[in-house]
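S.K.: Here is what each chain is made of, one letter per residue.
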Amino acid sequence: MKEERIADFTDDYPVFTEEMKGTYTILAPDMLPWHFDLLTYVMRREGYRIEILKNEGRAVIDEGLKHVHNDTCFPALCVIGQYLDALKSGKYDVDKTAVLITQTGGGCRASNYLPLIRKALKAEFPQVPVISLNFSGLEKNSGLHLTLGVIRRMGYAIFYGDLIMSCYNRVQPYEAHAGDCDAARQRCLEAIERAFDGKGFSKLGRQADFILRTFSAIPVLQKECVKVGIVGEIYVKYSPLGNSHLEDFLRAEGCEPVVPALMDFILYCVVNNLNDAKLYGKRTRMTPAFRFAYRWLLGKAKRIRKATAKYPFFAPQHDFEHLRRCADLVINQGVKMGEGWLIPAEMAALVESGTENIVCAQPFGCLPNHIAGKGAVRVIKELYPRANIVPVDYDPSATRVNQENRIKLMLATARE
Amino acid sequence: MGKLLGIDVGSTTVKFCLVDGEQIVYTSYVRHFARVKECVLGELENIRPLASTCRVSITGSAGLGIAQRGKLPFVQEVQAAFTAIRKFYPDADAAIELGGEDAKIIFLTGGVEQRMNGSCAGGTGAFIDQMATLLDLSVDEMDALSLTAERVYPIASRCGVFAKSDIQPLLNQGAKKADIAASIFRAVVDQTVSGLAQGRRIKGKVLFLGGPLHFLQGLRKAFTDVLGLDAAHAIFPETAPCFMAIGAALHAAGEREYTIDALASALSEVSDGGEIAVGKPLFASREEYDAFVDRHRRSDLAFENIYKYEGDAYLGIDAGSTTTKLMLITPENKILYSHYQTNNGQPLEIVTARLGELYSLTGGRIVIRGACVTGYGEEMMRAALKLDFGVVETIAHFKAALYFQPDVDFIIDIGGQDIKCFKVKNGAIDSIMLNEACSSGCGSFIQTFAKAMGMEIEPFSRLGLFAKRPVELGSRCTVFMNSSVKQAQKEGASIEDISAGLSSSIVKNAIYKVIRARTPEELGEHIVVQGGTFLNDAVLRSFELETGKEVVRPAIAGLMGAFGAALYAKENTAPSTLLSGMVTEAELRNFSYSSRAVTCKGCTSHCGVNILTFGDGRRFVSGNKCERGAGIKRSNDPLDLYAFKYEKLLALPQSTAEAKRGTVGLPLQLVMYEQLPLWVTFFEALGFRVVLSDRSSRELYFRGQHTVASDTACYPAKLMHGHIESLLDKNVDFIFYPCESYNFDEHDSVNHYNCPIVAYYPELLKANNERLHGGNLIMPYIDPNSEKTTVRALTRALAAYKLPSRHVRKAYASGLARMEAFHREIVERGREILATAEKEGKEVVVLAGRPYHADPEINHGINKLLTSLGIAVLSEDAVFEAGEPVKVNVLNQWTYHARLYRAAEFCTRRSCNLVQLVSFGCGIDAITTDEVRGILESRGKLYTQIKIDEIAGLGVVKIRLRSLIAAIAEQKRKKEGV
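So the protein sequences, as listed, match chains S and E. All residue numbers for the first sequence refer to my numbering, where the first residue is 46 and numbers rise by one. All residue numbers for the second sequence refer to my numbering, where the first residue is 592 and numbers rise by one.
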């Protein structure tokens, strides 16, 4: 910004300081049910008292509707609704509570959730600080100051979360005794948490093998389930509150949900910085760091794929470099806002690997999805005539029947 | 193989089909009026004589729940249709099915594809029902009328609410119902083509299915006309209404057999009362209600006997969008006469009839000294009846509210079509909030719904007063509410509960969506509520419960506009004027008029205008965007920067430029509206001839409509498809549109992104237009700030022309220089306009949007409207640099949006007002609007937002702008008075 007179229209808002770390409860939205258990475990060990919100229902949506503009995306509404509903529940000392939100700094609206949350809180809980979790240097004075060590641990947590998620989804529809998978999941989470207590967490191959072994020991039935991939906007793709429990619905319909890894999204964010450097010469001090991070993560992902290869029941996760090549068939990797090129890339990779039925979940009116989601479906279908894709809009007022009916249509086509 | 039964339970109807062997032996089609279970069981009794046992399968949107709870086989309805089509029409290429709330399309050849509409209900049976109610016709009458139509008006098809705001002005201007009916059917077709087909052409042998397409001849005609199908290719099966039921019956073949009794018992066990959210009852007891009624009775006007009174009187007329109100008052503000009536699309007839009655009642004893009209039909009424004054409705309502509560600081008016709220500070309107097109979930919604239930609005809303478990219906748009209501009904909610739920959701919509209040305290201490909708005690009570405040509702809540107009007439009638100039009794007796629709050829806008010719030869022209059609010749106003900019852009390409290397097509839309000088210069410098796409118009939009992939994208984006088609038809060598994640860095914001639509739209164009390919659409990824990489990318993109990169670099540099010069010229012109306006004492409006809002098809001529109201028009890009850099609460990271904040800052220090233009569906403006409002209001300026889409009617916009002007004048008066 220029160093001239600046008209300041900002409101005062509370800032999250280092001293608050041990005494404040930090609320986080229920965005990634599979990963947040591990991520919060890592954060708690660092002294952050993080709690994941699990509140749902009409009250959450109503709070969201009250505080968010009609045209703002549905995820913002869910997140803000969850916060306000939780703060009003009386469960928390509102003078000793902060809320956490991620920011990617990308060109879609998602990075603006933070100011929106601030605005919403201002009316009723002006004392509650909002903390930004980002790696783009935004909100310098109200962010989390994470050491490289913690970031590294979080990276591992995501890898383990991804693996547990995909193993669970792969086995659960076929399990012979109901509840086996839930127990296995619990066992794995506990084991990984113990690993985070010591140094064992970095033994990626060993831990991955443990997870795979635990799940492959579960007795399964011989039956055919329709595989259904879930791609789309990051929040509605993973969050049960956002997608009306899409995974559960698919399981109830006798399908096997296939949910691509969260690490793909992380890699997507990292590689976009490298693409910017390549396309536009946007090199910064951080570029070598991104390059290093990218290589490091790719290497780790490879370890997991290697571990998975020993268990034929589990399909190895997509190689991210392959995803990038898939994207190139459909769209330019310059499309980097929101989930951008990752959506068509995942769709293509899913179809290629035999998951031909796909739900493309998006919030109603999502800007990047006009182009990379709905807009790309036609090309995918031309490339892979067997692809069976249904875009589903999620919105506070769209009835569940309406959404489920569309998914059922997709399933009916799948079973043809 | 026994008998097969298919049951299709849709959102509005139940369809049965019984198949015996290869024969369809029975079909039926009945409306279920939300009593789904009873209806299905009743229909089942008709099957009993035909079959004692059968295999069964259920389909349809409401069938899903029934099948689940009754543990009966279910088949998705599109799948059912697909099966039936393959059996009975194996040679069909495509099928279109319209149902109550769903619309579906199935492509059978060239890649099977089955699609359903998204979550919006536009273009479905429910939409047609809603529109018929609006026209006060039955659906059959509307159908019959449509066949006699002479012209088709453009009507927004995407959403019922949008369509309404297109239709209402047409009705008020006296357009023929027949023409409107045909236009509605046309809108449905457009919606199907753009929303459903999404880039795939509907061709070959097309099957039309579902109730509406079977029963409505006008709709059939519209479809065959638009798709260009002859009788051999447009198939309307006799079985169309229950086609899905037939499909379901075919599916039943694989299911187990039921006796009819077993089936009936399975169906009757379907329990009602699923999970529906319920709220608190409105009144706990009768006593509470009585106290409430007593309290509100206190705000009332006194009456004077019109049969006995002698002396002066003042007349106020409120020609609203759905209702017409009249009031005659004495100089002491006593009511002599009042009238409230739904105008059924014929407001003029109603007013003339009432005036006749008035004249006969007053019998010469009463002298009307002044008459004033307000509301949608203000201009037409004033012209037709020669009334003395016209006042914008916001001011009329304000005047009336002041009378009842001199300390009023907040007024909310919920009428038939719109919600108006004003905050009042120091006796003047401080801010005005009007509902956006999309959330006009207002009074007429309850009315439409009451009618759908076969009830009048009054008894229907009274039902809600003592509802035990009012349902929560959400507070978004009415179309969504519509399906929430149906969902609630399916879950077994009673009419009482729904009535109460509707009242409360209307209130919530007003408070949280229109006013955007976060807490009730924000509204103020002394609230006056008015508008016909508040006469409804359930709505009033919901409002008091939601705000936790006791408010004033005048007994004449529905007549406040008319009362305010009468007060205005009283205040403004000069003491020397002893008799109003309005039509006399004799003139009224001979009053007649005829209406004619024509297309104005005054300019390129080609407005569809209506000419009313009155008995005495006077004419009134309406529907035009500017004054030209009204007979006042005027070229572009010199104080209109929008027009200046647009004309300048169009003149950029040199038609004489030599096409040494070939021709390049530039689509004049989105980012090109700003970067055109850059790219025209760039390509001309390199020896290309530049061809621009056709000017934007609705026709252009329709040309590209079949390639639109996402119908909820903004209108500028959707227009882009037409621009591409026009360039392809001009046979250019290639079309150029760069992909730019980043726009020019103006050092105002944390980052300098484009919005995702502007940045990547070529990707979507390429993916969805079969005429485009890598060769004829050149779309390099560039960051225009970085010369080095841009030149590299451009050289690579134009590799086929083997251009040396130094030439590219030079051309790019001269392009940049030209763009800068162009921008300077706009800024300079802006300065001149501002100076002239200030000197002449004219109001100035900075019409702040994006560069592409300069497109007359996108801004709908709002700039011309402003200049015709005597206001100078600037654009945000001309003034933002004169504003100080700002720090805002939100993440300021888009180049175009950062300008809005600075332009707002500029306006707070100058004698300018800012009007923000927002394209519907612009998600980013959901963030900027609150921020721009904050900047303006923190420094005591008024904020006005205009949401624009495909809608062409400017009625609402006019009211908004006139209110703004009136409020500014009022504020100035107050200031000078102090």
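It should be emphasised that the hints constitute simulated quantities derived from the structure, not laboratory data. One should not assume that every hint holds.
[What the hints assert, rightly or not] Listed below are the simulated DSBU-like cross-link pairs for lysine-lysine, each with C-alpha atoms no more than 30 Å apart in a straight line:
#, chain 1, residue 1, chain 2, residue 2
1, E, Lys1478, S, Lys167
2, E, Lys871, S, Lys323
3, S, Lys99, E, Lys871
[To be verified] Examples of chain S residues toward chain E, derived with CB under 8 Å:
#, residue
4, Pro59
5, Val60
6, Asp116
7, Cys118
8, Gly326
9, Ala354
10, Lys355
11, Arg369
12, Asp373
13, Ile376
14, Val380
15, Pro413
16, Ala421
17, Asn450
18, Ala459
We treat Cβ as the ideally placed atom computed from N, Cα and C, and that holds for glycine.
S.K.: Compare the distance between the alpha carbons of E:Lys1478 and S:Lys167 with 30 Å, and conclude whether the hinted pair is satisfied.
M.R.: 18 Å, holds
S.K.: Does the interface hint hold: is S:Gly326 within less than 8 Å of chain E, judged Cβ to Cβ?
M.R.: Holds, because the Cβ-Cβ distance from S:Gly326 to chain E comes to roughly 4 Å (cut-off 8 Å).
S.K.: For the hint on S:Cys118, does the least C-beta distance to chain E fall short of 8 Å?
M.R.: 7 Å, holds
S.K.: At a threshold of 8 Å, is the proposed contact between S:Ala354 and chain E supported by beta-carbon distances?
M.R.: 35 Å, violated
S.K.: Does the nearest C-beta of chain E fall within a distance shorter than 8 Å of the C-beta of S:Ala421?
M.R.: Holds - the Cβ of S:Ala421 comes within 8 Å of chain E, reaching about 6 Å at its closest.
S.K.: Can we keep the S:Lys355 interface hint, with Cβ of chain E closer than 8 Å?
M.R.: Nearest chain E Cβ about 40 Å off; hint violated.
S.K.: Taking the least C-beta to C-beta distance, is S:Pro413 closer than 8 Å to chain E?
M.R.: It holds, given that the least Cβ distance between S:Pro413 and chain E is near 4 Å, below 8 Å.
S.K.: Checking hints one by one. Is S:Ile376 an interface residue toward chain E, by the C-beta closer than 8 Å rule?
M.R.: Cβ of S:Ile376 sits 5 Å from chain E, so the hint holds.
S.K.: Using Cβ atoms only, decide whether S:Asp116 comes closer than 8 Å to chain E, and label the hint accordingly.
M.R.: This hint holds: S:Asp116 lies near chain E, its Cβ roughly 4 Å from the closest one there, short of 8 Å.
S.K.: Within 30 Å, alpha carbon to alpha carbon, are S:Lys99 and E:Lys871?
M.R.: 25 Å, holds
S.K.: Does the closest beta carbon of chain E sit nearer than 8 Å to the beta carbon of S:Pro59?
M.R.: Check failed: Cβ of S:Pro59 comes no nearer than 14 Å to chain E, outside 8 Å.
S.K.: Does S:Val380 pass the interface check with chain E, least Cβ-Cβ distance below 8 Å?
M.R.: Where the cut-off is 8 Å and the nearest Cβ of chain E is about 5 Å from S:Val380, the hint holds.
Checked against the numbered hints given earlier, this structure breaks hints 2, 4, 5, 9, 10, 11, 12, 18; the rest are met.
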